[in-house]
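Residue numbers (the working numbering), protein chains in the order written: chain U, 1 to 301; chain H, 1001 to 1189.
Warning: the hint list may mix true and false statements.
Calculated Cβ distances over 10 Å to all of chain U for the following chain H residues [to be verified]: (1) S1033; (2) Q1037; (3) L1127; (4) M1143; (5) L1153; (6) Q1160; (7) L1186.
Footprint (simulated), chain H over chain U, 3 or more residues, beta carbon under 8 Å [what the hints assert, rightly or not]: (8) 43-52; (9) 68-78; (10) 151-163.
Keep in mind that the hints were calculated from the coordinates and are not lab data.
Every residue gets a Cβ at the ideal spot worked out from N, C-alpha and C, and that includes glycine.
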Amino acid sequence: MRLNAWLQDHRRVKKSRDYNFAFINEAAKREIRRKILKAVAIPGYQVPFASPELPVARGWGTGGLQLTLSLIGPEDILKVIDQGCDGSVNAVNIKKFVGQVTGVSTTTDTRQATIIQTRHRIPEEAMTRDQILVLQVPFPEALRTVEPSEAETRRMHGEADYSQMWLYLYEDIVKYGEISIGARYPVTVNGRYIMDPSPIPRWDIPKLHLAETLFLFGAGREKRIYAIPPHTRVEPLEFEDEKFRVEDFPGQACQRCGSSATFLDEIIDEASGARTYLCSDTSHCDKILAQQEEKEVRSCK
Amino acid sequence: MPAANSTLATQQAFRILLQALSHPGEIYPWSPSDPGQGLPLMLQTLLDHEVSFAVIGPESDATAALVRDLTGSRLSAVPAADFIIVTRGRSQGGILAAKRGTLEYPDQGATVIYLVESLDREGQAGLWVKLQGPGVNREMRAMITGLAADEILDLQKINQEFPLGVDSFFLDRAGQVMGLPRSSLLEVQ
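Looking at chain H on its own, in the form it has when it is part of the complex (with noise of 0.2 Å):
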């Protein structure tokens, strides 16, 4: 399963997972080539023994399974878990528990990672999103296909009072991530 050399391929899904969240709402090229590899990926450049993890959503088994596998990553409960995995876009308020750190130590919040059908600069089908804050140029707009309204719904309600809040990252399946740090205002349109 791993890259044939992992350093290095961590190395650079870092970088763009760094640009992502530091331009929130872009749309970055993640892992095109071969999408299926997008959240193994992602899971190895992040997570290990050091952090816990949780998933909401279907086939959670099977994707708890890989997660532990890949990285050594301890399976929690959602609200002390270091990086959820919300599969299919939709967590059903499950999200709402999550990790927000505390005022001394925000950076306890948890990280969200959202498997969603695609990201879009156009379209119909999906929800628009309207971002604004840190790293966004006035404003920023992206299509999220897959995604439940109500999940940006709650994100915005859990980080309401920053610094506490989560940070999530968005990875489609034609292997494209898109960031959204907590410090970014939402708009759903």
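Excised from the complex, chain U in its bound form (with noise of 0.2 Å):
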């Protein structure tokens, strides 16, 4: 056995003894996995639950990181990204949480991972039914710009009672001539309720529509966990004449990859007012880069 490795994997199975494995203890996973249990059989419906701290501040991912850490095992490959990036602070931070405290390797690619937990974007790539997406989600009330008191809100769920939020759509249209809504567009689950997809752009709802995976959604400081299970409806709000649309980037491409069909990120320099496009999602923008580079490659040969 080589010194090195063995003090490598030494001190990662130290590290990770020094805590229950994945951190939380059974009982508070227990109680977080029941409650994923009701969300999936209730999709689109938020079920409360107790949200115990975490070494991580609420509102920096903890809803999704009680949710990961309650589904890991040492067996899974992780990939955790923020507004699609896998190097962002966020995302890097959390993968090396679960990282220490389960062992578990971790991957920037999409179709490598098992569970992905994301902030703010759903991969470009298309997920399998063996994956699971955890969203991290910040306001889990889709409407609380139209009703502040939860016990309403409650109320309004229960009674399939929408007609406020479908007041709000037509006023917006009447004051900006379309819906302004960019991130976290509402949408309609399984037919039944109005949930809010987190702050994804409008780009990744169509994604979520009779997907073949799973969504979890996690949100730790207002202590809600909901879900869509694969292959439900998933339907933006929308009226007869006044259809949802997705952002569109007329004739621009990402500079680095040159992918036009992918969601890109708008980089302004400062200096100059000069805007760029990049890929929003960038372990897919590596691979199109790769695939691109052998293909210069071989014609080269």
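Put the complex together from the two separate chains, hints included.
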């Protein structure tokens, strides 16, 4: 056995043994697991849960983190993204933390991962039925914009009384000519509950509809868990004559990989004011770039 | 009784339960190496002192003792129970009293664990059930042996006012499991 490899392994095991496997205690995990099952059974309904303290401040992905820690086992491969990026601070810290308390391996490849925790994006590549996407949610209540009282929004969901929400959308059209909601576009799940899909762009909404994958949503600060099971109808709110549409980037393409079929981030140079565009999903961008390079190498040969 | 490492055993068990409830009507291997451990493992994964349970059917006293010893969960009457275990797949209408939750909090509806003979994809001896709804691609059929046909009719009744209802798991003697959330539309064939 190589000494360095042994030492590395030893440190990894020791680190993960300082805590319970996956950090959270078993009783808390059981509660979260019971709530996850109820969330799956009632698609789009927000299940309250205890949301215990974590060594991460509330509002920094603790809801997603608790779901991930309750799901994860030693065989899993974890990917964490923040706004589509594998390398941003929130994603890296969460990945490191989960790695430390479980010893699981991590990846940036969407296809390889078994669990993907994400903040505000759904990966561009289609996910399979064996994968689980865990979304971090800041504001789980889609009706909060029109109704400040939790007791009242509970009643509204219970009775499927969504007239205020429809009125809000109508007024939005009257004011701005179209529905002005960008991220957090409200959807109807399984024809019953109006749900906040977390601040994903409109671009990602169609990916929730009749998907192969299970989507779990965790709001740590607001203490709510909800879910969209696979093969479930997810429809963005729209009117017959005012249809939902995704963002468009006319004539623009990613500066790095040249893709025009992905969700693009607009980057503005503060000095010159020039606008450039880059893929928001960095792992997908890397893949396309690698494919192009491979093609070039082959054609040179 | 608990597995060598119950933390990892219950983690794996939960993932199977989650898959089963996300794909209603699909049959998942649960504890095939030791089918007798199927129920204890499920109990350890889901129950503890924070929830209550009830048992309906033959050998209910022995099962209740097992649940209490293993999980520390509280025995209660059926209408108040968070988990209901139906031994031998027949509750004789007892399940109709189960908690269905309220419109504000439908998640308070009970979870029912049915112990049945076997779960199969083919055959004739058992009860064929057709499922549609979230988690099911078009439709799904499964055969349950050792479940009274009335149970499915009762579940239909209990779950007819979505989001109110109960969610069920079926556990067979070979150590297989199947999930049936309240969102599924059921038909006996």
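Evaluated hints:
1. Listed as outside the interface, S1033 (chain H) is consistent with that label: its C-beta sits roughly 17 Å from the nearest C-beta of chain U, beyond the 10 Å cut-off.
2. Non-interface status of Q1037 (chain H) relative to chain U is upheld: no Cβ of that chain comes within 10 Å, the nearest being about 18 Å off.
3. L1127 (chain H), annotated as away from the interface, keeps every beta carbon of chain U farther than 10 Å; the closest lies near 22 Å.
4. Residue placement check: M1143 (chain H) keeps its beta carbon more than 10 Å from all beta carbons of chain U (closest about 21 Å).
5. Once the 10 Å rule is applied to beta carbons, L1153 (chain H) is consistent with being away from chain U; the minimum gap is 20 Å.
6. Even its closest Cβ contact with chain U, about 14 Å, leaves Q1160 (chain H) beyond 10 Å, as expected for a residue assigned away from the interface.
7. At roughly 14 Å, the least C-beta separation between L1186 (chain H) and chain U is larger than 10 Å, which holds for a residue marked as non-interface.
8. Counting residues of the stretch 43-52 of chain U whose beta carbon lies closer than 8 Å to any beta carbon of chain H gives 4, which reaches the threshold of three, so the coverage claim holds.
9. With 5 residues having a Cβ less than 8 Å from any Cβ of chain H, the stretch 68-78 of chain U passes the three-residue criterion, so the hint holds.
10. Remark: the stretch 151-163 of chain U is confirmed as covered by chain H, as 5 of its residues place a Cβ nearer than 8 Å to a Cβ of that chain, reaching the required three.
When the structure is compared with the earlier hints, no violation turns up for any of them.
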